[in-house]
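Okay, here's what each chain looks like letter by letter:
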Amino acid sequence: MGLAFLVPLALLGAAAIIVPIVVHLTRRRKSKVLRFPSVRFIEKVPYRAESRRRIHHWFLLSLRALAILLIVAAFARPFVDRTAEATVAGTGPTERVVLLDHSWSMALGDRWSEAQQAARDAVSELGPLDRASVVVFARGADAIARSTSEPIRLRQAIDTARVSDEGTAYGPGLKLAQTILEESELPARELVVVSDFQAEGWTGEEGVTLPAGTDIRTVVVGEGGIDNAAVADVALNRARVEGRERVTPAARIVRTGGDEPREVEVVLSLDGQPVQTRTVTLPAEGADGVVFDPVTIGSDQTQGSVSMTTDELPQDDVLRFVLSPGRAEFVRLLVPPGAPDAAFYVERALRITEAGEFDVVASTGAVPTGDALDETDVLLLVDRPLGSAELDRVRGWVDAGGGLVVIAGERGGWGTGGETLFPGALGGIEDRDGRGERLASVEYEHPVFEVFRGPRQGDFSSARFYRARTYDVQASDSVAILARFDDGSPALVERRTGDGRVLVWASTLDATWTDLALQPVFLPFVHELARYASGATDAFEFFTAGQIVDVTDARAMESAGLGAIAEAISASEERIVLAPSGTSSELTDGESSHFLELSEAGFYEIRPPGRDDLRPVSVAVNVDRGESDLTPLDPEELVASLRSATDVAPAGDSERAAVLRRADQERRQSWWRWLLLGAFGILIIETVLSNRLSRRTGRSGHARTAN
Amino acid sequence: MDRTATSSARFLDPKVLTRIGNLELLARTVVDGFLNGVHKAPYLGLSMDFAQHRPYVPGDDIRHLDWRLFARTDRYYIKQYEAETNTDLVALVDVSDSMDWTSDDERPTKLDYARFLTASLLHLSRRQRDRVGCVTFDHDTIERIPASARGLDRSLMALERSEPRGPGNLRNAMYEVSAGLQKRGIVLLVSDLYEDVEDVVAAIRHLTSRKQDVMVFHLLDPGERELPAGDAVSFEDAETGEQVPVIPTKLRDGYAEVIDDHVEALRRAMVRERVDFVPVDTSTPLDHALFAYLSLRSRSTRRR
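Chains A and B supply the protein sequences, listed in that same order. Position 535 of the first sequence, counted from 1, bears residue number 546 in our numbering, the numbering being contiguous throughout. Position 63 of the second sequence, counted from 1, bears residue number 86 in our numbering, the numbering being contiguous throughout.
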């Protein structure tokens, strides 16, 4: 150990100490110049400028010299070199990353305090040349202290860390640790993972490979399973009874661990008030379901929850949701005046729903105008031609988001100009010979057919088509053939245009050209066709903590039941978000603040600023249910996957390491700051003293230069 | 010039004189005031000769009554005199840079004071029918107005347009000036004499060798006799630009001693050279200098 300088050449600047002396002895005092007729007699007066050839104020001169020396020393960057000690101790400069799991399962028992203590221990083991980072991770990861050698900062970061409401995912935390370790210039690297090591957060496909030579250490907290029950899921089944919508909540309660059956109480609450209570008996390592009585939803944004008797892990004992009355899609059926029964099967199919999903109106009139058309979600033309004037109206309506379904039939078709709206051109009627044709190719990936995708989920092959219109499909990216007949001719074609979509069915949907209407798949097929054409999606009843919603994505917000928020934001209106913890933030259309980060479990409330009279939009957020599964992961499995195939410590560049060590020591000690501060203080004292001396000299009439 | 100012012109402070723009008016004002105040002095009429008699009228000064004629004719007659016109008076005015200085902004510079003094002397002399001329110089002759009966106006003009433009050299200038003095007369030298005494004497000898009655008016500003008190200051020589950093407070006594020695040395040297030497403080009125001049005229007249 000894005093060393990082920039010893700067010490040459100490020669500047002679500057104040030389300046004093050589410079002429800057004084007032007085014009005088002649200085010949002044020069004859005996006078010796002794004052400048003599140093009168040694103390002031010493202060100035000391200030210069301190400044020079500061630039030389002095430090106490402890390299030898560190080398002897075998603790070379190490970059250490402490990965601290703060998923909500860490709130169980003493897990979190144990984890914090383990993290503190990890950073307290730092050698004089080491640096450390603290990364908390759950579903995401955040470096709360990054590559610092200050133990106080590290401890403060650990002390202020809190358990989150998010589930465990090792990937993001390990990725961030990998980045920090790769960026480090220190020769040794170490990763310390402090977690309860839930198997749920590990997929084995994280794709994280730590730098070669990284030492990996794991600290397991809270070993051993517990008897934990959780509300795993809630289904909100809607039904329309006598014109009123009723919702039947059904919850699934899952229990992990335990030996004996356990009785728990399950409570349904709406707007904070318990409305129904059920008691279930949960077997060990088992599950049970609870079905509540139907409830009527009277108003939008009703906050509901299903909770159960709390246990050691209370976060998963409640599941929150937001309920709003369902909205029926308005389907307008237009049939030709001469064939009022052409839409019989379709209309019947649309009217048969459990929850009244469709509001159906059939007419033989023209395409409506104005508000009547705007209120329509789906316009279904059954064997009805579309005139040119109607075509223009419909085009604008579809571009604005409307759904148009054309059932060809004998009379179906459209006038000139239809090629910009429809996916092709309808041709003549083509009769199929013999037993007719079948649907041979169906795009089961498409939403219209997705419900029929699984086995025994619907059989289109049993339907026969005896007659159909030929269809010349446009070659376009926006056009897709969703189903074909046996001969390859199109049966169902879609074109997306603007915000809406157009679907053309080349046959009929009655019992004349096909027997599809008599098949079991008919009703769900018509429902899916109308639902897809309307663009309606199932509303999100709740989110999971850690999800982020882009409030400027209108379609995503609409599907999440937050369409009103998206509209307000797009209209540059601000919204205040009140988080479950009580903190508030603003939502705007700005780059940085248009994301709604749902990090806390509970109900988020979103309202216009300064408006308390309106019922806020609520967003229910629940903890990740997967976190309830405390099945442990073998830490060795994780460690093994993190080690690279070429896990050999790099050949040490001792010179580079030595330079790093010296720079790191100097940076940590930072004596130069104190030296500069001292120099600054000395210069202030010198200024005050010299000013006083100058004033005193001036008053006594003995003007002499100070030093 | 208003009446009040005229009547009190004898005691006009040099600060007041600086406000009179016209040099001729200034000279007349000063001389008239001066003569009004000294008309009873024995110097009156010294340079005048009898011209004629005229009958006495009440109000005439009875001292001018010709008693001998009264005895012969029993009538009162007043003697009238005519000025002499046989003396040349040339004023040599130093207009070097050192003359362009004053220690008080309200007070005239030495050069201005020299202008006032010279103009007044020339005017006074002209009233006594002398031929007057003027020479301005620094290290060389700048302008020369030969003595003549109409030389007053030209001399005043020369004085008015004289501007300091360089360092002075009395010896060289007097050498040149003396070459132009062919006729015996009176020479008035107005200068601050910032030269070594030996050089001043050598310069004066150029004039006295030409049989000139020389009168030296040594102009000094009070600020040149006594340095100001105060902190360190650099004195810049008005002629050479040389700067001398000093602390006036420390230098005052020594300087006053040196300048007094210089003036005393000049006075002694001038006595030895039989030259009238008149130290003039630019803060004082012109009377002292005018008296000194009339004294010289008296002596020179008697000598003639």
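One should not assume that every hint holds.
Straight-line C-alpha distance at most 25 Å; calculated DMTMM-like pairs for lysine to aspartate or glutamate [to be verified]:
no., chain 1, residue 1, chain 2, residue 2
1, A, Lys186, A, Asp244
2, A, Lys43, B, Glu221
3, B, Lys234, B, Glu199
4, B, Lys234, B, Asp135
5, B, Lys234, B, Glu166
6, B, Lys273, A, Glu54
7, A, Lys55, B, Asp276
8, A, Lys43, B, Asp128
9, B, Lys234, B, Asp163
10, A, Lys55, B, Asp222
11, A, Lys55, B, Glu221
12, B, Lys206, B, Asp123
13, A, Lys186, A, Glu647
14, A, Lys55, B, Asp219
15, B, Lys206, B, Asp219
16, A, Lys43, B, Glu249
17, A, Lys55, B, Glu183
18, A, Lys186, A, Asp170
19, A, Lys43, B, Glu265
20, B, Lys102, B, Asp123
21, A, Lys43, B, Glu296
22, A, Lys55, B, Glu280
23, B, Lys206, B, Glu166
24, B, Lys102, B, Asp89
25, B, Lys234, B, Glu249
26, A, Lys55, B, Asp310
27, B, Lys273, B, Glu287
28, A, Lys43, B, Glu199
29, B, Lys102, B, Asp163
30, A, Lys55, B, Asp304
31, A, Lys55, B, Glu166
32, B, Lys206, B, Asp84
33, A, Lys55, B, Glu218
34, A, Lys43, B, Glu259
35, B, Lys102, B, Asp128
36, A, Lys186, A, Glu196
37, A, Lys55, B, Glu199
38, A, Lys43, B, Asp127
39, B, Lys273, B, Glu166
40, B, Lys234, B, Glu259
Simulated from the structure, these hints should not be mistaken for lab results.
Hint-by-hint comparison with the structure:
1. Distance hint between lysine 186/A and aspartate 244/A is unfulfilled; the C-alpha atoms sit about 31 Å from each other, more than 25 Å.
2. The straight-line distance between the Cα atoms of lysine 43/A and glutamate 221/B is roughly 34 Å, outside the 25 Å bound, and the hint therefore fails.
3. For a cut-off of 25 Å, the pair hint linking lysine 234/B to glutamate 199/B stands: about 16 Å separates their Cα positions.
4. For a cut-off of 25 Å, the pair hint linking lysine 234/B to aspartate 135/B is broken: about 29 Å separates their Cα positions.
5. Between lysine 234/B and glutamate 166/B, the direct Cα distance comes to roughly 22 Å. Compliance with the 25 Å bound is thereby established for this hinted pair.
6. Straight-line distance between C-alpha atoms of lysine 273/B and glutamate 54/A comes to about 13 Å, which keeps the hinted pair within the 25 Å bound.
7. For the given pair, lysine 55/A sits about 12 Å from aspartate 276/B by alpha-carbon distance, which is consistent with the 25 Å threshold.
8. This hinted pair checks out: lysine 43/A and aspartate 128/B have alpha carbons roughly 18 Å apart, not beyond 25 Å.
9. The straight-line distance between the Cα atoms of lysine 234/B and aspartate 163/B is roughly 22 Å, inside the 25 Å bound, and the hint therefore holds.
10. Distance restraint check for lysine 55/A and aspartate 222/B: the Cα-Cα separation of roughly 17 Å lies within the 25 Å cut-off, and the hinted pair is therefore satisfied.
11. Taken as a hint, the lysine 55/A and glutamate 221/B pair is honoured in the structure, with Cα atoms around 16 Å apart against an allowance of 25 Å.
12. Between lysine 206/B and aspartate 123/B, the direct Cα distance comes to roughly 32 Å. Violation of the 25 Å bound is thereby established for this hinted pair.
13. Of the supplied pair hints, the one linking lysine 186/A and glutamate 647/A holds, its CA atoms being roughly 18 Å apart against a limit of 25 Å.
14. Note on lysine 55/A and aspartate 219/B: the hinted pairing holds, with a Cα-Cα distance of about 12 Å set against a maximum of 25 Å.
15. Of the pairs offered as hints, the one joining lysine 206/B and aspartate 219/B is violated, with about 29 Å between alpha carbons and a cut-off of 25 Å exceeded.
16. Between lysine 43/A and glutamate 249/B the alpha-carbon distance is near 18 Å, which keeps this suggested pair within the 25 Å criterion.
17. Under the criterion of a C-alpha separation no larger than 25 Å, the hint pairing lysine 55/A with glutamate 183/B is inconsistent with the structure, at around 35 Å.
18. Between lysine 186/A and aspartate 170/A, the direct Cα distance comes to roughly 23 Å. Compliance with the 25 Å bound is thereby established for this hinted pair.
19. As the CA atoms of lysine 43/A and glutamate 265/B are separated by approximately 14 Å, the hinted pair is consistent with the 25 Å bound.
20. Using a Cα cut-off of 25 Å, the hinted pair lysine 102/B and aspartate 123/B is violated, with the two alpha carbons roughly 47 Å apart.
21. Among the hinted pairs, lysine 43/A with glutamate 296/B is inconsistent with the structure: their alpha-carbon atoms are about 42 Å apart, more than 25 Å.
22. A C-alpha spacing of about 11 Å is found between lysine 55/A and glutamate 280/B, which places the hinted pair at or below 25 Å, so the restraint holds.
23. As the CA atoms of lysine 206/B and glutamate 166/B are separated by approximately 19 Å, the hinted pair is consistent with the 25 Å bound.
24. Simply put, lysine 102/B and aspartate 89/B have alpha-carbon atoms about 6 Å apart, close enough for the 25 Å limit, and the pair holds.
25. For a cut-off of 25 Å, the pair hint linking lysine 234/B to glutamate 249/B is broken: about 37 Å separates their Cα positions.
26. As the CA atoms of lysine 55/A and aspartate 310/B are separated by approximately 33 Å, the hinted pair breaks the 25 Å bound.
27. Annotation: proposed proximity of lysine 273/B to glutamate 287/B holds, straight-line Cα distance about 23 Å (limit 25 Å).
28. With a CA separation close to 39 Å, the supplied pair lysine 43/A and glutamate 199/B exceeds the 25 Å bound.
29. The straight-line distance between the Cα atoms of lysine 102/B and aspartate 163/B is roughly 48 Å, outside the 25 Å bound, and the hint therefore fails.
30. Of the supplied pair hints, the one linking lysine 55/A and aspartate 304/B holds, its CA atoms being roughly 22 Å apart against a limit of 25 Å.
31. A hinted pair counts as satisfied when its Cα atoms are at most 25 Å apart, and lysine 55/A with glutamate 166/B does not qualify at roughly 33 Å.
32. This hinted pair does not check out: lysine 206/B and aspartate 84/B have alpha carbons roughly 37 Å apart, beyond 25 Å.
33. Distance check on the hinted pair: lysine 55/A and glutamate 218/B sit about 13 Å apart at the alpha-carbon level, within 25 Å; holds.
34. Proximity of lysine 43/A to glutamate 259/B is assessed by CA-CA distance (about 10 Å); at most 25 Å being required, the pair is judged to hold.
35. A C-alpha spacing of about 49 Å is found between lysine 102/B and aspartate 128/B, which places the hinted pair above 25 Å, so the restraint is violated.
36. With a CA separation close to 18 Å, the supplied pair lysine 186/A and glutamate 196/A stays within the 25 Å bound.
37. Restraint check: the Cα-Cα separation between lysine 55/A and glutamate 199/B comes to about 30 Å, which exceeds 25 Å; the hinted pair is violated.
38. Restraint check: the Cα-Cα separation between lysine 43/A and aspartate 127/B comes to about 17 Å, which is no more than 25 Å; the hinted pair holds.
39. Annotation: proposed proximity of lysine 273/B to glutamate 166/B is violated, straight-line Cα distance about 42 Å (limit 25 Å).
40. At roughly 39 Å between alpha-carbon atoms, lysine 234/B and glutamate 259/B are farther apart than 25 Å, so this suggested pair is violated.
Consistency with the previously given hints fails for numbers 1, 2, 4, 12, 15, 17, 20, 21, 25, 26, 28, 29, 31, 32, 35, 37, 39 and 40, ordered from lowest to highest.
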